[in-house]
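Using the sequences plus the hints, can you model the full thing?
Take 1 as the starting number for the sequence shown in the working numbering and just add one per residue.
The hints are simulated quantities; they were obtained by calculation from the structure and are not laboratory data. Each hint should be verified, as a subset may be incorrect.
Unchecked claim - Taking CB as the label site, the calculated pair distances span: (1) L52 <-> Q5: 26 to 36 Å; (2) S50 <-> A22: 54 to 64 Å; (3) T14 <-> S50: 38 to 48 Å; (4) R26 <-> A56: 15 to 25 Å; (5) E2 <-> R29: 32 to 42 Å; (6) A82 <-> L13: 54 to 64 Å; (7) V46 <-> S81: 15 to 25 Å; (8) Q34 <-> A82: 11 to 21 Å; (9) V17 <-> L43: 53 to 63 Å; (10) E2 <-> S54: 54 to 64 Å; (11) S81 <-> S45: 41 to 51 Å; (12) S78 <-> A49: 19 to 29 Å; (13) M40 <-> V17: 19 to 29 Å; (14) L60 <-> H24: 47 to 57 Å.
Yeah, the Cβ is synthetic: ideal placement off N, Cα and C, and Gly gets one too.
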Amino acid sequence: MEEKQVVDALETLTREVERLNARHARPLRHLAFQFARGLMFGLGSVVGASLLVSVAAWWLSQIEFLPIIGNWAAQIASEISAPRP
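See below:
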């Protein structure tokens, strides 16, 4: 590497470290960001798991040649699609 490239790389690295230090210098903002990130992760996990379980229950309800699993899955599917009071 040329000396100019090394100097440019060090300057870029210095700017990145300063940017990271500035981000962590405000602990309340950092805490709020991490809290929001955790909420979004939790919400995404719940929605994803709900969709996965719904699709699995529907798929299992389509299996009629296995009476035990088919009836059980049909019951789950009817409970999922039933209107709530």
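Take a look at whether the Cβ-Cβ distance between S50 and A22 falls inside 54 to 64 Å. For A22 against S50, whose Cβ atoms are near 39 Å apart, the range 54 to 64 Å is violated.
Can you let me know if the beta-carbon spacing of R26 and A56 is within 15 to 25 Å? For A56 against R26, whose Cβ atoms are near 44 Å apart, the range 15 to 25 Å is violated.
Cβ-Cβ distance between A82 and L13: within 54 to 64 Å? Given a distance of about 59 Å, which is inside 54 to 64 Å, the answer is holds.
Evaluate the given range 53 to 63 Å for the C-beta pair formed by V17 and L43. Violated, at about 33 Å.
Can you tell me whether the CB distance of E2 to S54 sits inside 54 to 64 Å? holds (59 Å)
Is the hinted range of 19 to 29 Å satisfied by the C-beta distance from M40 to V17? Given about 27 Å between the Cβ atoms, the range holds.
For the pair T14 and S50, does the Cβ-Cβ distance stay inside 38 to 48 Å? holds (46 Å)
Starting from the hint 32 to 42 Å, judge whether the C-beta atoms of E2 and R29 obey it. Holds, at about 39 Å.
Are S78 and A49 spaced within 19 to 29 Å by their CB atoms? holds (20 Å)
When you take the CB atoms of Q34 and A82, is the distance between them in 11 to 21 Å? Given a distance of about 39 Å, which is not inside 11 to 21 Å, the answer is violated.
Does the Cβ distance between L60 and H24 fall inside 47 to 57 Å? Since the Cβ atoms of L60 and H24 sit about 48 Å apart, the hinted range of 47 to 57 Å holds.
Verdict for V46, S81 (Cβ pair) under range 15 to 25 Å: holds (19 Å)
In this structure, the earlier hints numbered 1, 2, 4, 8, 9, 11 are contradicted, and the remaining ones agree with it.
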